[in-house]
Amino acid sequence: MKLWNRIRFWLTRTRLDSELADEIGAHREMLERQLRGEGLSPADAHAAARRRFGNDLGARERSRDEWGFAWLEPALRDARFALRLLRHQPLVTVAAIVTVGLAVGANTAIVSVLRTALLDPLGIRDAGNIMVASVRLEKLQMTGAETSAVEYRELQEMTDTFSAVAASEPREWTAELGGQPSRMLGRGVTPDYFRVFGEHPLAGRFFHREDRETVAVISYGLWQTQFAASPSAIGTVLMLDGRPYRIVGVAGPRFHVPAGVQAWVPVVFSPDRLRRRGYNMIESVFARLRDGVTPARAADRVNRYVAGLKTSNDPTGMAHLGYFIDLDSFSHFVAGDLRRPLWLLWAAASTVLLVGCANVALLLTSRTAGRRREMAIRLAVGATRWQLLRQLSIESSLLGLLSGLAGIAVAALAVSLIGRLAMPGKALLELVSLDRRLMLYGLAIALACSLASGIAPALQLLRTNQAAAMVRSARRGFQRVFLAAEVAATVVLLVGTSLLLRSLWALEQVRPGFDSSHLATGFLLRPPNDPGFLDRLDRNLRALPGVESAALAYPIPFSGGGETSGFSIQGRQHFQGQPEFHGEAYFVSAAYFATLRIPLVSGRALADSDTAAAPRVCVVDSLFASRFFPGGSPIGSKIAMFAGWAQIVGVVGSIHGTALDHSSRPTIYYSMPQIPYFPSRAVILRTSLPGGPLIRQAVKQTNASVPVFDVRSMEDRIAESLGIRRILGILVSVFGALCLLLAMVGLHGVVSQIVGERTVEIGVRLALGARPAQILAYFLGYGLAAGGTGLVLGLAGAGWAQQWLAGLLYEVRPFDPPAFAAAALAVLTTLLAAVFWPARRASRIDPQRALRYE
Amino acid sequence: MAERAPDLLPGTLDMLVLKTLARGPNHGYGIAQHIHRISGEALTIGEGSLYPALQRLLVNAWVRAEWTASDTGRKVRQYSLTAAGRKQLARETRDFGYLVAAIARVMEGA
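Heads up: the protein sequence lines correspond to chains U and B, in order. Letter by letter, the first sequence follows residues 1 to 854 of my numbering. Letter by letter, the second sequence follows residues 1 to 110 of my numbering.
So that you can see chain U by itself, here it is in the shape it has in the complex:
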């Protein structure tokens, strides 16, 4: 009531004020009349009433103060004044807003990614209590490997540690969506899957123990796009791979585990799968910690269990591979390889923010130098220091507000671009969004920055009663600290930039071991009831005009790697100390090696005659040959990895199959018709025409109901494998360049200001015989001294900070001299350039004019 009245009064204050004036006028008239009645002459009565009344303006003013927001009005006045001031110096204002806005925008955008990936992974409630199990095989240097159903069963049995455990395995189906055959991504999950994540169905239900693979839960997105968000979707039948699934539930709008999945179906493990460790892998096991159980205690529990397995003479034969079960946090699972780069980018963006702040502080310091008169006058006519401070902080807040808004705009733009980046983890990045909380974060850091950068100049201004020279030297102190900090931060970023760019450059020189140019690739799902499909497709592909050669394969290089597995060699026993019999397999058509131009080293490549009916054969790569058959030829030996013994008929060159920065595992190529396991197939075309449409055309011509997806050139796939490094390299360079520019502007501003203030002194010196070169050298020296401190600090800082880069470097050692030298050189050159112009201006001062200057 009171607040409402205040607001009402305040809004109508102009009318109220004139009413008050009327009222007080009436009061005075009545008083006058009374005084006249007591016998005073009209003139005397008037004067007396006036006297009695005192200052009626004062009464009105104090009355007005009662209408609520008296304390606010001066603030608004200050804000209007500040706005005028900002408009008056557009260059300083725009520079400050752009600087802080860019830094805040970058920071906010990165925090929004951090939030989705790490801080609040996929928006799951108390994600800190969800652990993800994976297998580590120490002898094979494999971490994060998939588990089998056995680990799921074992974790589920640890009821003292976990309150719910669920497993999921990938599914992909062909479904008719919007009249088009599409590939749909899903997961087969055990009954407790949704319970682990504390998720409730938006409609319908989730899975019961009795459910078999005939029902499905669909994602909110699918429900929206395919079922128009209708409640009648529950109970309808969804055809996946031509099989009917009854929809029993819809997941909530924010449930995206894992990102990009459109449907979940129940999975029931056979007793055999629940017993055989290391076979028939599932993707992930999720476990929710029981209340009060810490992640460390859970890990300890699992480790003790695994240790027990090893001593009890484990029949599954995994112990010799250095078998462990790792428990990782859910955020670790979601963010994967993005963790390090994300924190790095956040640190870089925050550095830019700090440098930006320092620069704004420098800008404001030189501006406030010109406002000393204004402040002195205000103090002289009775303003309190508090009032001045309030006005200055309102100026800073206004600046902060504007830069915050600019920052939010930058962040919104950046976030809209994030989903389109060519890098792994796209499905996750598409979930990144900017909400109100993040906008508030952006606004808050912008305000904090502006206030922080406003404090130093404000404090200085208020010390007006001190000797001008002292104030000046205090200002110099501020400026030196800010400059040194700016330069130091710039050096750290530049060293990081050059380390990253050198790594990227080195990586781009790496040849993948095959000819990646002019290769078009695409994936498709094999239709369930079309036995001759692959043969027909192969023929149709080869018949395409403009296609040099075509192959079918699963998988293909740079699409996540082959199927890893252990294997046996006929007639050989594995001895302690020998390399483990472990490798990865690709299932390829005969034309694969010719299409990719992988050289044949010895023996023969796979041939069209290696059909399902022919004896099973395989080709191995040179890494496989040298590791398992050192000094001999593998040709003629038999190995068993998939589907029994296969004779090695040839050796081909080794390629980079997953990434340019590390070589593949020993690789085995099977003839595709002989191992028809996987539903997914890839097409590879060597053609100088745009290959994507050709692939779609050939597939459609072969079977119109087959979805084609993930169509890209091989070059794009390789580029994407470098995506994180590229983006990191580009962003860190941009941030570094921004810092360099800021440092340059800052130093230039400071030296210009000093030259301006000391014009007379320089004039006197020149008049007394100083040579211009001495003046020039003096100011160059000043700039270098200011920058030099920062440079030394920055190099030391970079030496310390580079440990965070270690995992991202390729063929560049820490303390790489060229990287450090390049950064130092860039900074020194920039500093010299920044100081040179004002210094030269100083050396060309005309003594005559300088002495008339004041």
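Only true hints are included.
According to the in silico footprint, chain U covers these stretches of chain B (three or more CB under 8 Å from chain U): (1) 51 to 59; (2) 73 to 84.
A few chain U positions that, by computed beta-carbon distances, are all more than 12 Å from chain B: (3) Glu157; (4) Met158; (5) Leu321; (6) Ala383; (7) Thr564; (8) Gln570; (9) Phe581; (10) Gly636; (11) Val760; (12) Ala767; (13) Ala806; (14) Glu811; (15) Leu828.
No wet-lab data here; the hints were simulated from the structure. A virtual CB, placed ideally from N, CA and C, is assigned to each residue, including glycine.
Since the structure of chain U is provided, determine the placement of chain B on it from the hints.
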């Protein structure tokens, strides 16, 4: 200005105005006159404090104001007590009673 009551306890002006209005609606001048008269001319309410006090009471919704014509036909603003104002008056009267009694006890005891 010299007539401003020197020893009006802080905060009591609001109470005096409310009490005056409890007798019936009145305008600013009337309120000042009434307090002056009833107090045996001991209290003179300066207009510089009366009008701010009236605004305070309005904001708190303890009084309400409306424009009426005075006896002489001059347009004046007339204040009257609201229900909330009546309650506030009771509260202040009680508090004031306690205060006076307490002060009296101290003074007598000395």
